[in-house]
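Engineer: Spelled out from the first residue to the last, the chains are:
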Amino acid sequence: MSAATQLAQLSPQIHTISLFVNNAPGVLVRVALVFSQRGFNIESLVVSPGAEGRFARMTITCSGESEVLEQIIKKLAKLVDVVHAIDHTGDLAYETEIALIKIECPLEERTAILQITEHFKARVVDYGADSMILQAFGSSEKLDALISLLHPFSIAELVRSGKLLMARGKSTT
Amino acid sequence: MDIQEDVGRKLPTGGEKIIQCLEREGVEYIFGLSGGAAMPLFDALVDSKIQLVLTRHEQGATHMADGYARSSGRPGVVLVTSGPGATNTVTGLLTALMDSAPIIVLTGQTITPMLGKDAFQEADVTGITYPVVKHSYLIKNAADIPRIIREAFHIATSGRPGPVLVDIPKDIGQGPCDAPFCDEIDLPGYQVTTRGAPEAIAEAARLLRAAKRPVLYVGHGAVISGAGKAITTLAEKLRAPVVTTLLGKGAVDETHPLHLGMMGMHGTAYANKAVAGCDLIMSIGGRWDDRITGRLSDFCTDAVKIHIDIDPAEFNKIIRPDVSILGDARLVVEDLIPQIEMADTADWLKQCEKWRRLYPLKYPKQGGLRAQHVLDRLDALTQGEAIITTDVGQHQMWAAQFCRSRSNRHWISSGGAGTMGFGFPAAIGAQFANPDKKVWAVVGDGGFQMTFAELATASIHNLPVKCLIINNNFLGMIRQWQEMFYENRLSGADLEGNPDFVKLTQAYGIKAFRIRRPADADRILREAHEYDGPCVVVAEVVKEDNVFPMIPAGASVSEMLIEKPKHTLPKPSGST
Ligand SMILES: Cc1ncc(C[n+]2csc(CCOP(=O)(O)OP(=O)(O)O)c2C)c(N)n1
Ligand SMILES: [Mg+2]
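Sequence order for the protein chains is X and Z. Residue numbers are given in my numbering: position 61 of the first sequence equals residue 57, and the series is strictly consecutive. Residue numbers are given in my numbering: position 547 of the second sequence equals residue 550, and the series is strictly consecutive.
What the hints contain is simulated information worked out from the structure, not anything from laboratory work. Mixed in with the good hints, there may be bad ones.
What the hints assert, rightly or not - Here are some, though not all, of the chain Z residues that point toward chain X, as calculated from beta-carbon distances under 8 Å: (1) T129; (2) Y133; (3) P134; (4) G192; (5) N319; (6) K320; (7) Y489.
Stated by the list, open to error - Simulated pairs of lysine-lysine, DSS-like, Cα-Cα distance not exceeding 25 Å: (8) Z:K569 / Z:K365; (9) Z:K143 / Z:K120; (10) X:K70 / Z:K320; (11) Z:K308 / X:K70; (12) Z:K320 / X:K74; (13) Z:K546 / Z:K368; (14) X:K74 / Z:K308; (15) Z:K567 / Z:K368; (16) X:K166 / X:K70; (17) Z:K357 / Z:K368; (18) Z:K567 / Z:K52; (19) Z:K506 / Z:K441.
Being a predicted model, the structure only gives us computed values, none of them experimental. C-beta: ideal position from N, C-alpha, C; glycine also.
Produce the complete structure using the sequences and hints provided.
Structural biologist: See the structure below:
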């Protein structure tokens, strides 16, 4: 079972929050402290520059009780460096994620792996003698499923980008 | 300015620029203590009209700035050096944050090329202080100085006020700065709503009109926004009783017939009974702190709850109100008043008056000098005209009970943080801000010893500040809890080794008085009150006295103790 599925089983609700913040030093620490004060674990965090260099985007997934999360979002919004904080849990926002998976595999296992790869529209981006690297895109749930199918094989390393999200239409991210 | 004129004109240093910015903000005093990294700023102060108040410890400086701010509504400014100088301000930052006091703390820092390299007296001060500031800055470019100082003052003083820290590397303070002054504020992430939403106000008004047993609960936000007059009008129109939190004292005159005094753990029995018995409670700038709600599952379970606050993060934090109104307490209450009609609450008020008669604040008149008696006499003497600051402990609660606050910003106490050592320096700050008022600090023998070095500060400025030490030779509040909840197994409560506070005071060249007998209280307090200069009054009170009423932490009003219980009680379950 992947770490992500394990977590999903432990805690019923995974929340996705988007933050629009000043692109300034210290912002990440201020944001992280709001979570750690309440003992909330951040599951994934993506930071990137916004369309205007002055701002940046953060997409955060975390698990925990909704009531506590409501307070966390308010405290995030209260930070001077946070322009807005939105909880997208339950939204129909477009979400995607990238995973890089390194599998140690003798030649005889490769056919089975490549079948799975193809089914998930993933790509082989490195084909070595003892291992290969797969690159997969898609919703976090899809990536969870891919990773669990690959589990019988020997996953040497796994790197996931964390969830990226954008609200549809006129809604703000 | 044309180029011709600019040539040969010496640019100000960053330190000079910062001081000029402070002058433009209207700063009169800076409380602080120097060191290597802060030298450029201290140097710039030599030529400034801003007066430097040299304190004996940085913590004292922060509480002075806090007392200055709370008593005047104007921000207090602190200047200290890097490393240990800066870390000594952490308690003051927490105190100001918890109680929404606008202070600006300027800290020296090592030179920018040495940041992060364990330079002498380097500390990651912005890092250490993130959780205890409203906002903070590390200045990396001299060109940012005017903007950062303007923003710091704007953030500290607007919305829900709070402390802002500005960390200033020495090379920034020393090097040139040719940035123009800055008046604009461009903070897309910081917006303050002051006017309440009309729909929320209309809904609150409807609920208030329908209430049969309303209570207005007044918090610190009412003091900060100056809502007292409006609340009094509202209370009179509604004929609703008013209760206050520890920090809300003074927003509404406590001697007003509708005022039931302080609510909460050591509040009056009648205030707490009114809260427990009401069918509507409206918080005006209060945050439903655990010291006032007690056990939440028993708190006003059937009452309608309205919450007025300028900080949206306070809504739904402790309780889920039926209506929440985001805005400035004064503006919201003013908007409510026209929608309120004269209500018939005669039975309810009669009930509250009955409680007031049945459960008055009282204390034994025999058996030696009691803190309550001294504070009762201080109240009689000052008549609410003096600014009273307190430290933290039993004396603080007795002062809150017996010194009835009559006007806004005349009661200053560390509530949220409960910081021992706050009271005396806060009084010094309040005296600087209010040279024409009498200022009294009420402190315990324990807390006073945390910041008494500021006697020197009071002395060199010949401030007329008065300090009343309630000396029970105990960490009294600790002893009370151990007696009541820990079978009187005293552990670290006895202050044996206390100095003679009269002699200690005299060592600073300050006038000192001592009260030993109840009969002397009036005379000595008056003498001190009228003394033109700093003075200390040491009240040698009975050692083992307890504060009542008391609702144990995490309990409900039905468990309120009006007097000393016969048995040891179960350990309190509430927060601390
Ligand atoms: C800095 C700090 N340390 C510890 C405490 C915990 N504490 C609360 S009241 C109290 C006793 C205060 O003693 P004293 O100043 O003599 O006042 P008294 O209760 O005797 O009136 C203590 C230790 C605190 N509030 N602040
Ligand atoms: Mg004491």
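Engineer: What hints, given by number in increasing order, does this structure fail?
Structural biologist: Numbers 7 and 18, in rising order.
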